[in-house]
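Protein chains in written order, with my numbering: chain A, 4 to 264; chain B, 1281 to 1585.
To be clear, the hints were calculated from the coordinates, so they are not data collected in a lab.
Computed from a predicted structure; not experimentally measured.
Every residue, glycine too, gets a C-beta built ideally from N, C-alpha and C.
Worth double-checking, as some hints may not be accurate.
To be verified - In the DSS-like style, the derived pairs of lysine-lysine whose C-alpha atoms are separated by at most 30 Å in a straight line are: (1) B:1421 with A:213; (2) A:175 with A:35; (3) A:213 with B:1499.
To be verified - Sample of chain A residues with no beta-carbon within 12 Å of chain B, all distances over it, derived: (4) 9; (5) 162; (6) 166; (7) 167; (8) 262.
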Amino acid sequence: MTMLPPEPSKKLGLVIDLDICVGCHACAVNCKEWNTGGYGNSLSDQDAYGSEPSGAWLNRIHSFEAVPMDAHGTPQPSDARIVHFPKSCLHCDDAPCVTVCPTGASYKRAEDGIVLVNEEHCIGCGLCAWSCAYGAREMDRASGVMKKCTLCVDRIYNENLPVEDREPACVKSCPANARHFGDLADPSSDVSVMVADRGGFDLMPEQGNKPVNKYLPPRTKTSRCASQARDDEVPNLVSLAKNNQSTGILGWLDRTLDAIS
Amino acid sequence: MHPASSVIFFTTASGAGFGIMGWLCVAILMGHYILTPQTILMGVIGLALAGVGLLSSTLHLGNPQRAWRAFSQWRTSWLSREGILAVITCVSFAAILGIYLTSGVILPWMAGSCLVLSLLTIIATAMIYAQIKPVPRWHTKLTVLCYLGFSISTGMAVIAAVSPTRYHVYLAFGGLVLAWVFKLLWWQRASRTSLSHDGSTTATATGLTGFSSVKLFEKPHMTQNYLMTEMVFEIGRKHAARLRQIALLAGGLLPFICLGLAIVTGQTAGFVMLSCVMHLIGVGVERWLFFAEAEHVVALYYGKG
Ligand code: SF4
Ligand code: SF4
Ligand code: SF4
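Based on the provided sequences and hints, a complete structural model is requested.
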C-alpha cells in the first residue's frame, strides 16, 4: 500500500560520519555481497568482465573536494580537503518514492520506518527512482525490478545471527567506524546523541523528504598556514642529519659515499 | 532524463486519442455529432491511438506481465490514476459509440462525463511528470497546460484531417495557437529554471554547506550506471536549440501556414492532412525534448550544477 503510515514511533536509520569515512568502499562491497544473496532478487551486473561494466548497487561512495573559507568568507584553496561521501537510501519520513508507486510495491513500514520494495509486485516502471532526489534506487536490469537499501532488514531482526551481527552489513564492515545504526526517533539512543553532539544534518532538506538517516560534518582542521608556522619552530631535519656523526662501518660508508658524490 | 521512445510515443499518441474523444464529446453535447462513416472513423482513430499509446507505455516496464497491479494505488499515485482513468474513458467512449450505432440513441450525460474523464486522463498523464520535484523543469502547472494544449491541438488536427470542413480548420487553428502559447511559456520558464531552482546545490546535496566550494572529485564508479543513463542524460546545448526550432517549425509554423493555405486555396483536404502530419511529428520532437532537456537533481552527485 503506497499510503505513508502515520509517523512511526521507531525510526531505524544510519548515521554516517563524513569526518571519519576514508572512502574505502568496503561498506558498498559488503552491501552488494549481502544483498545479492539476501532479500529479493540478486543484484545483477551487466558486462561484468567487459569494457563497460555496470550493475545495481544500493550504496555508492562519491568523493568531493571541499574548499574551506576563513571567518571573512575568503576561500582557502591551500586548505582544500577530500570528503568521502557514502550514499544509500535515507528511509525518508515523507518518502515520495512510496506515494508515486502505482502498484503498491513500494511501502514504508509502520513499525520501524524502513522503506522497502515488494519485488513480487514491482512492475519496474522506474517512477520511484525518478521521484528520489538522492538517487537511492536502482533498477536491476536482469530481474526488471527496483532495488534499494533494505537497512538489512534480513540481518537486523535475524535470530539465526549472533546478536552482535544484527546490524546492517555496511555498518558491520566499516573499518573506520564511520557508520552507525540505531533508532533516530529515540532521543536517548547512541545515534541520536551523536547527531545532537556533532550537529548532524539532513541531505537536501529543501526537497522536503524529511530523511531519517543523518550525516555528521567533517571537523574543522588546523589550517596549513598555522601548521607551517609550527614547522618553522622545528629544528631543520637536514642539519640534524649532518650533525649526526655515524660511527662504525656505516659511518665509514656514509663518509666514503659523500666523498665520491 | 532519458527520452525512452516508448514513452514519447505513448504520451503523443494517447494525448491525441483522448483529445479526439474529448472533441467528439463536445460535438455530441452541442448536437453536432451525426453518424457518418467519417465521424465513426474519428471515434475509432481516437480509441486506437489511446489504446496503442497505453500498450506502448507497458513496453518500457521491467515486468509488463504484472501491469494490472498498476490499477491499485489510485489514492496516492498519478500513474495509477492515469491507468484507471484511461481505461474508464475508453470504455465509456466506446459505449457511447456502440449505443449510438446499434440503437440510434445518443446520451448527452454520457458524453458530458466522458468529456470530463478524457480531460482528467490527460491531466493525470501530465501529473506523472509535473509531480516530480527533483526535476525542476517538470515541476510546474505549465506542464499540465502543455499536455492539455497538445491533446486539444493534435485531437482537432486529426479530426480536421478526416473531415476538412472550414469549421474544423478554424478549430485546428485555435488548437495550434493555444498549445504553442503554453509550450513557449514552458520553454521560457525552463530556460530560467536551473537545477538549483528549489535551492538544491552540490553543497546541500552533500551537506557540506560551510565550505566556500564543493565539487565532485571522484565518481563512485568509472563506468555508467542506471542513475546516470536514466537521469543524468545530456544533450548538447546546440542540439537542444536546433531541436526546439525544428519542433516549433514542424509542429507549429508549417501546420499553421498549411491551414491558412487550405482556406485561401480551397485545396482543403490535402493541406489539412499535411498540417496534421507535420503537427504530430513536431509534437513528437517536442516530447523528446521534454525528456532530454529535463535535469534531475541527482546530477548534483555526478558533478553537474
Ligand atoms: S532516500 Fe529516496 S528511496 Fe530512500 S526513502 Fe528517501 S526518497 Fe525514498
Ligand atoms: S519501479 Fe516498482 S517500486 Fe518503483 S514505482 Fe514502479 S512499481 Fe513501484
Ligand atoms: S566502509 Fe566506512 S570508511 Fe569505508 S567507505 Fe564505507 S563508510 Fe567510508
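Are there hints from earlier that the structure breaks, and if so, what are their numbers?
Structure breaks no hint.
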